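Trainee: Protein sequences, first through last, are from chains B and Z.
Heads up: the first sequence begins at 1 in the working numbering, then just goes up one per residue.
Heads up: the second sequence begins at 1 in the working numbering, then just goes up one per residue.
Keep in mind that the hints were calculated from the coordinates and are not lab data.
The structure presented is a predicted model; accordingly, all values stated were derived computationally and were not measured.
Glycine residues also receive a C-beta, built at the ideal position from the N, C-alpha and C atoms.
Misleading hints may appear alongside valid ones.
Footprint (simulated), chain Z over chain B, 3 or more residues, beta carbon under 8 Å [stated by the list, open to error]:
1. 4 to 10
2. 13 to 23
3. 80 to 93
4. 113 to 121
5. 146 to 156
6. 256 to 265
Below, in silico cross-link-like pairs of lysine-lysine (DSBU-like), each with a Cα-Cα straight-line distance of 30 Å or less [said to hold, decoys possible]:
7. Z:LYS177 to B:LYS3
8. B:LYS3 to Z:LYS192
9. Z:LYS11 to B:LYS202
10. Z:LYS149 to Z:LYS66
11. Z:LYS192 to Z:LYS104
12. Z:LYS196 to Z:LYS276
Here are the computed distance ranges between Cβ atoms for each label pair [as the list claims (entries may be wrong)]:
13. B:SER184 to Z:GLN142: 50 to 56 Å
14. B:GLY244 to Z:ALA61: 35 to 41 Å
15. B:ILE23 to Z:LYS177: 27 to 33 Å
16. Z:VAL16 to B:VAL28: 52 to 58 Å
17. B:ILE31 to Z:LYS107: 16 to 22 Å
18. Z:GLN40 to B:ILE23: 32 to 38 Å
19. Z:ASP71 to B:PHE138: 46 to 52 Å
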Amino acid sequence: MNKKKAQRTFIFGCLAPAVILAILFIAVPTITVFKESFFDKTDLIHDGAFVALDNFKVLFSDERFIESMQNIILTITLVTLVTLVLAVLFATLLTREEFRGKNFFRVIFYIPNILSIVVIAGIFAAIYQPSNGILNSFLEMIGLSGLTRAWMGDPDIVNYSIIVALIWQAIGYYMVMYMASMSSIPENLYEAASLEGAGKIKQFFMITLPLIWNNIRTTLTFFVISTINLSFMFVQINTEGSLGTEVPLNYMYNKAFAGNYSYGMAAGVCIFLFSFALSGILNNITKRDVLEF
Amino acid sequence: MKEKKKFSLYKVFVYVALIALAITIIVPIVWVFMASVKSQSDLVQRSPWSLPTQVLWSNFATAFQKARMGDYLVNSVIVTAMSIFFLLIVALPASYVLARFRFKGKKFFNALFMAGLFINTNYIVLPIYVMLFHWEIALQVQDVFLNNKIMLSLIYAATSLPFTIYLLSGYFQTLPKAYEEAALIDGCGYFKTMTKIMIPMARPSIITVILFQFLAFWNEYIMAFTLMEKDNSTLGVGLKFLMADQRAAADFGVMYAGLVIVMVPTLILYILVQKKLTEGMSLGGLKD
Chain B
1 MNKKKAQRTF IFGCLAPAVI LAILFIAVPT ITVFKESFFD KTDLIHDGAF
51 VALDNFKVLF SDERFIESMQ NIILTITLVT LVTLVLAVLF ATLLTREEFR
101 GKNFFRVIFY IPNILSIVVI AGIFAAIYQP SNGILNSFLE MIGLSGLTRA
151 WMGDPDIVNY SIIVALIWQA IGYYMVMYMA SMSSIPENLY EAASLEGAGK
201 IKQFFMITLP LIWNNIRTTL TFFVISTINL SFMFVQINTE GSLGTEVPLN
251 YMYNKAFAGN YSYGMAAGVC IFLFSFALSG ILNNITKRDV LEF
Chain Z
1 MKEKKKFSLY KVFVYVALIA LAITIIVPIV WVFMASVKSQ SDLVQRSPWS
51 LPTQVLWSNF ATAFQKARMG DYLVNSVIVT AMSIFFLLIV ALPASYVLAR
101 FRFKGKKFFN ALFMAGLFIN TNYIVLPIYV MLFHWEIALQ VQDVFLNNKI
151 MLSLIYAATS LPFTIYLLSG YFQTLPKAYE EAALIDGCGY FKTMTKIMIP
201 MARPSIITVI LFQFLAFWNE YIMAFTLMEK DNSTLGVGLK FLMADQRAAA
251 DFGVMYAGLV IVMVPTLILY ILVQKKLTEG MSLGGLKD
């Protein structure tokens with residue numbers, strides 16, 4: 001009996017700090033986001049009145065919010081497609097091919113992932129600088145000065161410049177992920193295919209891709225979530241949402257601090273639900289019968 | 001003969017693709033390192049690909065002193081160290097208990113932490129700010145909850161709990177039961193069994209947590225930007241202000257020196273532990 005009590009005390013003592021911290025700094029703030037989106041709290045001090053869905057009604061006809069959603073959909077689509085293709089390609093090359101310096105490439109490709117988003121924003125500010133920037137001066141050097149642009153200053157291309165930065169940041173991370181799951185595919189499958197006369201490309205589509213499919217599906221969720229988050233910080237640091245680069249989380253952040261707290265929270269709820277819905281849809285339409293080896 | 005030629009062409013393609021990507025990563029980073037010791041006239045008037053006419057270490061001195069990157073660096077070290085400390089002393093016992101004991105409400109607590117995996121700090125940073133702000137008003141205090149390094153560390157630790165507990169309890173579950181049974185029979189109490197036997201056995205997973213969370217805490221930006229005042233903040237925030245100031249003052253060398261100061265610690269850590277880091281990823285497999 002005493003032992004049982006001692007065990008219960010022990011369990012309680014071990015769990016209590018973690019549970020208290022998680023409730024206080026994760027659960028309560030999350031509930032607050034949803035709750036406040038139904039109120040009309042403006043500044044940070046006074047409580048607002050209940051307004052039901054009014055914030056959302058305004059939000060859905062708010063041009064800037066619509067622009068931010070368009071931007072994020074474009075960004076997620078392009079970042080996911082390009083990064084996925086490149087990361088799978090490079091992972092295949094580094095896992096399946098025999099050549100020197102494999103490890104060197106793996107180490108280099110992963111570097112952007114360990115850099116702070118502020119550093120990445122700074123590096124790309126240097127790359128995209130209109131006069132004497134890395135990209136423009138490189139284009140001039142190889143005789144393509146007609147292609148130089150104000151990469152972060154031209155509203156027509158600034159969003160694509162941001163997308164390139166996000167792809168640069170992401171490739172190495174996903175490549176390492178896919179490499180981990182590719183290296184667990186047994187070698188004899190490839191040997192058998194090779195004996196049957198299947199070329200490298202056929203081997204890729206018949207063996208590699210089906211066997212890492214589940215891993216790719218998982219990363220689709222990561223793509224959605226991390227693109228929403230990283231584009232926010234990149235935009236917050238570099239353009240502050242000007243020039244048509246607004247993204248939903250940045251809109252939420254600025255609105256909430258600028259006297260429209262509840263309205264900002266409503267924007268947060270929208271993008272939160274959007275990311276869930278999109279992840280769910282992607283997860284469902286990519287469902288295939290799992291192949292095992 | 002023909003087969004061989006095709007093969008080598010393919011190899012050329014492989015190398016070109018790999019080297020092209022490697023260049024896009026290495027060149028900008030090396031360029032920033034070089035620019036950090038260039039004078040303003042070098043940066044503005046000469047080609048960005050030319051070597052510096054003189055190596056200007058004073059950019060770093062200016063960044064450390066005038067832009068106060070030295071203070072920010074100290075703050076980052078303190079906050080990162082405290083956050084990892086808080087995280088481990090809270091997450092380890094909780095993970096152990098969730099992995100090894102059967103008790104009422106276990107399912108609920110597991111679900112609570114699993115749900116937490118889906119909440120990113122970007123969404124909740126403002127409610128946290130408002131909550132702390134109200135605590136300060138209610139208790140009529142200042143710099144206790146907001147603009148306080150201990151509080152910031154505690155919040156870093158709290159928001160990292162779901163991922164850490166997921167990773168650590170997964171590891172605890174793989175450890176053999178025989179050790180703790182033997183310890184308990186020998187009269188070792190629950191607490192002692194945990195601290196003396198089980199936690200040391202979980203060392204590989206603890207190292208993984210420390211590595212990942214060092215990078216996460218060191219690189220964290222939006223929480224520090226929101227909760228801390230400019231003078232008391234961490235490196236990322238300091239760099240953001242430095243970048244904004246130097247762009248206006250057109251003193252790019254100092255800005256690049258600031259970038260280098262923030263980058264170097266993570267690069268050094270990465271060089272030392274890159275193998276562990278990329279291996280640990282397949283174990284954790286989560287992204288910020």
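Trainee: If a hint holds in the structure, say so; if it does not, say that too.
Mentor: Going down the list of hints, with the structure as the test:
1. 4 to 10: Since three or more residues must qualify, the claim that chain Z covers the stretch 4 to 10 of chain B holds, with 4 doing so at under 8 Å.
2. 13 to 23: This one holds; 9 residues, not fewer than the three required, reach chain Z with a Cβ under 8 Å.
3. 80 to 93: holds (count 4)
4. 113 to 121: holds (count 7)
5. 146 to 156: Coverage by chain Z is violated for the stretch 146 to 156 of chain B (0 residues, Cβ < 8 Å).
6. 256 to 265: Coverage by chain Z holds for the stretch 256 to 265 of chain B (5 residues, Cβ < 8 Å).
7. Z:LYS177 to B:LYS3: holds (19 Å)
8. B:LYS3 to Z:LYS192: holds (15 Å)
9. Z:LYS11 to B:LYS202: holds (17 Å)
10. Z:LYS149 to Z:LYS66: Holds, because 22 Å separates the two Cα atoms, which is no more than 30 Å.
11. Z:LYS192 to Z:LYS104: With a Cα-Cα distance of about 23 Å, the restraint between LYS192 of chain Z and LYS104 of chain Z holds, given a limit of 30 Å.
12. Z:LYS196 to Z:LYS276: Holds: LYS196 of chain Z and LYS276 of chain Z sit about 25 Å apart, inside 30 Å.
13. B:SER184 to Z:GLN142: 50 to 56 Å: holds (55 Å)
14. B:GLY244 to Z:ALA61: 35 to 41 Å: holds (40 Å)
15. B:ILE23 to Z:LYS177: 27 to 33 Å: Since the Cβ atoms of ILE23 of chain B and LYS177 of chain Z sit about 31 Å apart, the hinted range of 27 to 33 Å holds.
16. Z:VAL16 to B:VAL28: 52 to 58 Å: Hint holds: Cβ distance 53 Å, inside 52 to 58 Å.
17. B:ILE31 to Z:LYS107: 16 to 22 Å: holds (20 Å)
18. Z:GLN40 to B:ILE23: 32 to 38 Å: Once the Cβ atoms are compared, 52 Å apart, the range 32 to 38 Å for ILE23 of chain B and GLN40 of chain Z is violated.
19. Z:ASP71 to B:PHE138: 46 to 52 Å: violated (36 Å)
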